[in-house]
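**Student:** What follows is each chain in one-letter form.
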Amino acid sequence: MSAVASPDRESDFDSRVEQLVERAIARNIPGLALPQGQADLDVGPSAKELVYSAETARLYHYEPLLDDVYRVPVLLVMSPVARGYILDLARGQSLVEYLLLQGHDVYMLDWAPPRREQAGLGLADYVMDLVGGCVQSVQKDSGEQDVTLVGYCMGGMLSSMFTALRPDSGVKNLACFTTPVNGDGMELYKKWMSSSAFDIDRLIDTLGNIPGDFINTSIQALRPLQRSANHMRLLNNVQDDAFVKAHLRFDRWAVDQLPIPGHLARDMARDFILENRLMDGSLRLRDEQVDLGTIKVPFLHVAALYDHIVPAAASADLIRLVGSKDKEEIVMKGGHVSLVAGGNAIFRLWPQLDRWLASRAV
Amino acid sequence: MSEDQKLDPVRLWREWFVKSEKSWSDALTEMMGDEHFTNGMGRYMQEAFHTHRMFSEGMAQYLANLNIPSRADILDMSDRLAHVEDTLNQIQVELREQRAQLTKLASSGATVADTPRKRPTRSRKPAPTNDS
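From first to last, the protein sequence lines are chains A and B.
For the first sequence, the numbering used here gives the first residue as 1, with consecutive numbering after it.
For the second sequence, the numbering used here gives the first residue as 1, with consecutive numbering after it.
Treat the hints with care, as some may be off.
To be verified - Once the Cα atoms are required to be at most 27 Å apart in a straight line, the calculated BS3-like pairs of lysine-lysine come out as: (1) A/K333 to B/K19; (2) A/K190 to B/K22; (3) A/K172 to A/K325; (4) A/K325 to B/K125; (5) B/K125 to A/K172; (6) A/K190 to A/K48; (7) A/K296 to A/K327.
What the hints assert, rightly or not - Part of the chain B face toward chain A, derived, beta carbon under 8 Å: (8) W24; (9) S25; (10) T29; (11) M32; (12) H36; (13) N39; (14) H52; (15) N65; (16) I68; (17) R71; (18) L75; (19) H83; (20) E94; (21) K104; (22) K125.
Hints are computed from structural coordinates only; laboratory data are not their basis.
The beta carbon of each residue, even a glycine, is placed where N, CA and C say it ideally should be.
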């Protein structure tokens, strides 16, 4: 037995060590560069102005990119639990930018975190006052009576309810993405809230406004290991600068959930999840019945095939309940978020939305 | 992918995890939907809220004695800051409306020092499709 390793084995070992060191350095260099290039990760690049502000509602108008736009402005209605910058994530990955470049006049109803004194804002306040106030502001600012509402997730619920309650408000078209309407379809939440040990009133009395962390945890619970899998995917692609930046933007948004007023949480838990009032038309807001069958404007619903947050069982009934003659449902590949903001959205959802809007925005 | 990366066991493990994550997550959510789990979670939440309230009340007195602000004091400050921000937003909106009115005056021939904001025309039509 030789006490000294052969030269060939030594050089193999040396080259292997050299490769491992080079790979470790290559992995760390993008990380070192990141703090310096942190500005590249800033989200919401499209220029905008604040047009209207009331309670938790913030209405923004995006600066048009063309000299001639479609007559009917588009009002994007965000979900009250999510930040609006997901629709304006980065240059080249922004639904807002895409619509502006296609010649649409774009507004966005984004939400601010509620103060403690705003814990009493409920579903009726959100639908009738805040969405309604924003629609009026868009009409005043644009000079046009007709407005197209485009709602994302719970924003779609608010938009649908408003359109049903106020058919003469000027809403000309209504589009919804991944919008739940059937509380029975939100199975896990229904099971939790149906438990005798779950006391929504005590939850709200203790917390007041429901914190963003609480909402984030309840959303993560629908697919508990997804975030870990995303981190694994990141580690496997850490040399790819573009991949890392895209991941960090999405990850930032995913944990940046907004708190919501306690009363709104109670209304959603009781009226939507537990008693499923939207499905049978028994939902009443300030003593007015919310019947989606009274919606007669052109309607589009886009659902995501792999949506685990709003599964098909929760959203499939929407197209049936809406009373419009001109209505269309499209089911596309993608998840709840990647449908609207993923890398493939520019090939899938966005052109379909533009096609649908363009003929109805003149 | 280099040869080394293909043979990297940690990388292979990560790839396996990513591919099988959905089925693991489904199994976990099914477990979380179980009646025993939901009841247990509900009871845990009630206890946590009760403990939270007791601890907050106890700490508030202790911190007051030490002349240190409590969480409630900091939340009060946060609310006041948010109120100031909301007021600034209102001012911003009103300034914008004033500027729009000045723009209208400018277009009607009145003299205005401010440069009016250019608005696009609203006559765009969609491109003709093959169907039409």
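**Student:** Look at each hint and say if it fits the structure.
**Tutor:** Results for each hint:
| no. | hint | verdict |
| --- | --- | --- |
| 1 | A/K333 to B/K19 | 18 Å, holds |
| 2 | A/K190 to B/K22 | 21 Å, holds |
| 3 | A/K172 to A/K325 | 13 Å, holds |
| 4 | A/K325 to B/K125 | 23 Å, holds |
| 5 | B/K125 to A/K172 | 17 Å, holds |
| 6 | A/K190 to A/K48 | 39 Å, violated |
| 7 | A/K296 to A/K327 | 9 Å, holds |
| 8 | W24 | 5 Å, holds |
| 9 | S25 | 4 Å, holds |
| 10 | T29 | 6 Å, holds |
| 11 | M32 | 6 Å, holds |
| 12 | H36 | 10 Å, violated |
| 13 | N39 | 5 Å, holds |
| 14 | H52 | 7 Å, holds |
| 15 | N65 | 24 Å, violated |
| 16 | I68 | 21 Å, violated |
| 17 | R71 | 12 Å, violated |
| 18 | L75 | 7 Å, holds |
| 19 | H83 | 7 Å, holds |
| 20 | E94 | 10 Å, violated |
| 21 | K104 | 11 Å, violated |
| 22 | K125 | 6 Å, holds |
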